[in-house]
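Going line by line, the protein sequences match chains A and B. Sequential numbering from 214 applies to the first sequence in my numbering. Sequential numbering from 239 applies to the second sequence in my numbering.
Hints are supplied without guarantee of correctness; some may be wrong.
To be verified - When the alpha-carbon atoms are kept at most 20 Å apart in a straight line, the in silico DMTMM-like pairs for lysine to aspartate or glutamate are as follows: (1) B:K284 x A:E263; (2) B:K284 x A:D261; (3) B:K284 x A:D257; (4) B:K322 x B:D288; (5) B:K322 x B:D525; (6) B:K402 x A:E509; (7) B:K284 x A:E260; (8) B:K402 x A:D379; (9) A:K466 x B:D488; (10) B:K657 x B:D569; (11) A:K424 x B:D488; (12) A:K424 x B:E520; (13) A:K320 x A:E448; (14) A:K424 x B:D517; (15) B:K402 x B:E441; (16) A:K433 x A:E448; (17) B:K657 x B:E568; (18) B:K284 x A:E274; (19) B:K284 x A:E264.
I should point out that these hints are in silico values taken from the structure, not numbers from a laboratory. Just so it is clear, the structure is predicted and the values come from calculations on it, not from any experiment.
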Amino acid sequence: MVFSRLFRRQTQPEPKIEAGLKKTRRGIFKDISALFERSEITDDLYEDLEELLIQADLGVETTVELLDNLRARINREHIRQPADAREALRAEMIALLHHATRNRKIKIYQRGVPFVILVVGVNGTGKTTTIAKLAKFHQNAGRSVVMVAGDTFRAAAIQQLQVWGDRLNATVIAHQPNADPGAVVFDGMKAAYNRNADILLIDTAGRLHTKYNLMEELKKIRNIIQRHVAEAPQEVLLVIDATTGQNGLVQAKKFAETADITDIAIAKLDGTARGGIAFAISRELGIPISYVGTGEQVTELTEFSPETYVDALFFGEEGDSDNV
Amino acid sequence: MFETLSDRLNEVFQRIGKKGRLTEGDVDEAMREVRRALLEADVNFKVVRDFVTAVRERAVGEEVLKALTPAQQVISIVDDELIKVLGSERVELEVASPPPTIIMLVGLQGSGKTTHASKLANFLKKEGRRPLLVAADVYRPAAIDQLQTLGEQIAVPVHTDGNKESPVKIAQNAIKLAKDKGFNPVIIDTAGRLQIDERMMHELEEITAAVHPTETLLVADAMTGQEAVSVAQEFHRRLALTGLILTKMDGDARGGAALSIRSVVGVPIKFIGTGERVDALEPFYPDRLASRILGMGDVLTLIERAQSETTEEENLKLQEKVLGGSFNLEDFLNQLQQIKRMGPLSQILEMIPGIGQAVRQQNVQVSDDEFKHIEAMIHSMTLQERRHPEIIKPSRRKRIAAGSGTTQAEVNQLLNQFKQMQKMMEQMGNMGGGKRGGKLRGLLSGNPLAGMNSPELEAMMQGGGMPPALGRGTAPARPAPPQRKKSTKKKSKSRRR
Numbered sequence: 214m215v216f217s218r219l220f221r222r223q224t225q226p227e228p229k230i231e232a233g234l235k236k237t238r239r240g241i242f243k244d245i246s247a248l249f250e251r252s253e254i255t256d257d258l259y260e261d262l263e264e265l266l267i268q269a270d271l272g273v274e275t276t277v278e279l280l281d282n283l284r285a286r287i288n289r290e291h292i293r294q295p296a297d298a299r300e301a302l303r304a305e306m307i308a309l310l311h312h313a314t315r316n317r318k319i320k321i322y323q324r325g326v327p328f329v330i331l332v333v334g335v336n337g338t339g340k341t342t343t344i345a346k347l348a349k350f351h352q353n354a355g356r357s358v359v360m361v362a363g364d365t366f367r368a369a370a371i372q373q374l375q376v377w378g379d380r381l382n383a384t385v386i387a388h389q390p391n392a393d394p395g396a397v398v399f400d401g402m403k404a405a406y407n408r409n410a411d412i413l414l415i416d417t418a419g420r421l422h423t424k425y426n427l428m429e430e431l432k433k434i435r436n437i438i439q440r441h442v443a444e445a446p447q448e449v450l451l452v453i454d455a456t457t458g459q460n461g462l463v464q465a466k467k468f469a470e471t472a473d474i475t476d477i478a479i480a481k482l483d484g485t486a487r488g489g490i491a492f493a494i495s496r497e498l499g500i501p502i503s504y505v506g507t508g509e510q511v512t513e514l515t516e517f518s519p520e521t522y523v524d525a526l527f528f529g530e531e532g533d534s535d536n537v
Numbered sequence: 239m240f241e242t243l244s245d246r247l248n249e250v251f252q253r254i255g256k257k258g259r260l261t262e263g264d265v266d267e268a269m270r271e272v273r274r275a276l277l278e279a280d281v282n283f284k285v286v287r288d289f290v291t292a293v294r295e296r297a298v299g300e301e302v303l304k305a306l307t308p309a310q311q312v313i314s315i316v317d318d319e320l321i322k323v324l325g326s327e328r329v330e331l332e333v334a335s336p337p338p339t340i341i342m343l344v345g346l347q348g349s350g351k352t353t354h355a356s357k358l359a360n361f362l363k364k365e366g367r368r369p370l371l372v373a374a375d376v377y378r379p380a381a382i383d384q385l386q387t388l389g390e391q392i393a394v395p396v397h398t399d400g401n402k403e404s405p406v407k408i409a410q411n412a413i414k415l416a417k418d419k420g421f422n423p424v425i426i427d428t429a430g431r432l433q434i435d436e437r438m439m440h441e442l443e444e445i446t447a448a449v450h451p452t453e454t455l456l457v458a459d460a461m462t463g464q465e466a467v468s469v470a471q472e473f474h475r476r477l478a479l480t481g482l483i484l485t486k487m488d489g490d491a492r493g494g495a496a497l498s499i500r501s502v503v504g505v506p507i508k509f510i511g512t513g514e515r516v517d518a519l520e521p522f523y524p525d526r527l528a529s530r531i532l533g534m535g536d537v538l539t540l541i542e543r544a545q546s547e548t549t550e551e552e553n554l555k556l557q558e559k560v561l562g563g564s565f566n567l568e569d570f571l572n573q574l575q576q577i578k579r580m581g582p583l584s585q586i587l588e589m590i591p592g593i594g595q596a597v598r599q600q601n602v603q604v605s606d607d608e609f610k611h612i613e614a615m616i617h618s619m620t621l622q623e624r625r626h627p628e629i630i631k632p633s634r635r636k637r638i639a640a641g642s643g644t645t646q647a648e649v650n651q652l653l654n655q656f657k658q659m660q661k662m663m664e665q666m667g668n669m670g671g672g673k674r675g676g677k678l679r680g681l682l683s684g685n686p687l688a689g690m691n692s693p694e695l696e697a698m699m700q701g702g703g704m705p706p707a708l709g710r711g712t713a714p715a716r717p718a719p720p721q722r723k724k725s726t727k728k729k730s731k732s733r734r735r
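Work out the full structure: start from the sequences and follow the hints.
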């Protein structure tokens, strides 16, 4: 599987390659390479590129800007060979994604002060799975993890987190369904102190960014967290589904406004997801994209890197042909 | 964030309009805007291409070139074509004979299958049927618990064999149970899967072969991007879909995915999901989705929301007042409070065609705090003053300002704006209009714009930006955006940069 290979840097065990995922991704990057297999750089090339990038969910504006930049670079550097143009495109795409890493804050883990990660997002983006992956990630780094089942609304969301807690051998603080999420978070903060936890992962109910009251609820949760640790939550992670189209940009914007997100995770990038929304978010908002989730396995979470992302999505390494 | 198609088309045609005649090239330019609007709504690239070709053909043929309002003409063609693709008729769920009807829900992870299985069960139960839910997602942690909990909530039995049995076997057992106990229909919740996951897709084929579902519904997230087409195509190729449920339509996604899926696989959209509660499942209306895809505001949804916040009686009373010219500050306060209950102001404004655009273009800060000031001022008035604002003279004004922590100028402004509003209502009262117009009137009477510090907005409202919306019948009202003075427009542009 192309993705786990390219993104694997942080995951220890060999991810299982499922037969069904072999076809992953070939579609788009085969196309993009084919585009450059022509004798000269023509307007047709730009048009074809535009089509491809829009189909990868970059959105119209981002695509247009990217192609303008490419054109400028090609003129500036007197590029004549399509193969060189391909490299120029790659460089421009990576440059665009660097907006999303520049503002990344260094995470400081202090002994005795729980590092609180509040995980938010719209419904069904993969928050709970991402939490499990984050828990595993921090456990692998030797940190102790407590999880808080802050989604008291969706049926069986609590059980879902508890199943992960059992599998990962991590404590899960939970209340009854439909309890006040604030109360669970309060208990979670206390538990983090009592158990001397390094990492406190808070799951929240999925909420559409258009739901005013639900968005306000996040502010309340933040207040409760801050009653215990003033600088917490040190990480507010927005999980975005990689198959999301242009609405992903609106999501990021709205959650940034109300929930002060510090990081973004692009989840479900394992299939045929196009992941182009990362470029639009990077370009327009510059909120750090920190993680990429690539599968249902708990180890399939990696740090976001512009180079890897661009290569995996669009320029697949040559050695991948065995996956076709 | 996104300009609406009508804004853009108006811009295009206004620019062209100056040189007198429209050419075919101008239509091309308009088509580029149509294309862009659809792409921003996440309609698939290839679908957009075909769609624009069809619209262009009609646009050139239908004498857009000679039309008085070419922008409107183009929009109505686009709208028409959209509805054509989306399907103009509501398609009911198939019923199997002999029973039971078997409905299988399939889709990607996180699209909302489990939630919608229970919504569907609830819907069918209300129709007097005896549905059975089947928990065939044996992979996701606690998926079975989730369905059981939801089943309990709506008092619909849930068949489960735990997560040790194969989904095929679970489905077969459930059908047997349904036949024995007389459950009908049977709704099978399957695990989320990628369309390219060979093993998982094969599992669905096996279930299909084993129980022959009457309906195989693809549950698709309205926020899905360009990938929607491949997803639908692959599910359709392997399972022969019979319909679509479009979920998370209560958000602000344009839902272009629906258009892509419809035009590629051709199956009807049977329901849309509009919230997390079990009753948030609605039949599908193509015209509403069409305006939404085009970002034209969603007046009908707004009306519905307003209706859910007010009672029929309140509305009638209000309507009478508005029409009778006896609408006073007290009613205004009530209206403000109702609007507040509907959600944040900026969001409500977005739903009114023309207004959202104006707000964006003029870079007006829409703040709910404005409400507070207005409320405070009205609260500081005596009943007499609220009912007869004309008695407010300088000394009263001073008292009101002091009482509400505002200035006399602000009080004055409120009173002036209120006067203008009353005038507008009088005009509306004279216009007549259908039943729906009445509802709109109810909404507009509490017009939040009155509280905003923007002469342009007022000018716009008086300039007829709003009232035409009232004259329209059942179709979503789509008034031409107001003609702004050139100078204003320039100013707003520079401000935006």
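Hints and how they fare:
no., hint, verdict
1, B:K284 x A:E263, "holds (12 Å)"
2, B:K284 x A:D261, "holds (12 Å)"
3, B:K284 x A:D257, "holds (17 Å)"
4, B:K322 x B:D288, "holds (13 Å)"
5, B:K322 x B:D525, "holds (10 Å)"
6, B:K402 x A:E509, "holds (19 Å)"
7, B:K284 x A:E260, "holds (14 Å)"
8, B:K402 x A:D379, "holds (18 Å)"
9, A:K466 x B:D488, "holds (18 Å)"
10, B:K657 x B:D569, "holds (14 Å)"
11, A:K424 x B:D488, "holds (9 Å)"
12, A:K424 x B:E520, "holds (19 Å)"
13, A:K320 x A:E448, "holds (8 Å)"
14, A:K424 x B:D517, "holds (17 Å)"
15, B:K402 x B:E441, "holds (15 Å)"
16, A:K433 x A:E448, "holds (16 Å)"
17, B:K657 x B:E568, "holds (14 Å)"
18, B:K284 x A:E274, "holds (18 Å)"
19, B:K284 x A:E264, "holds (9 Å)"
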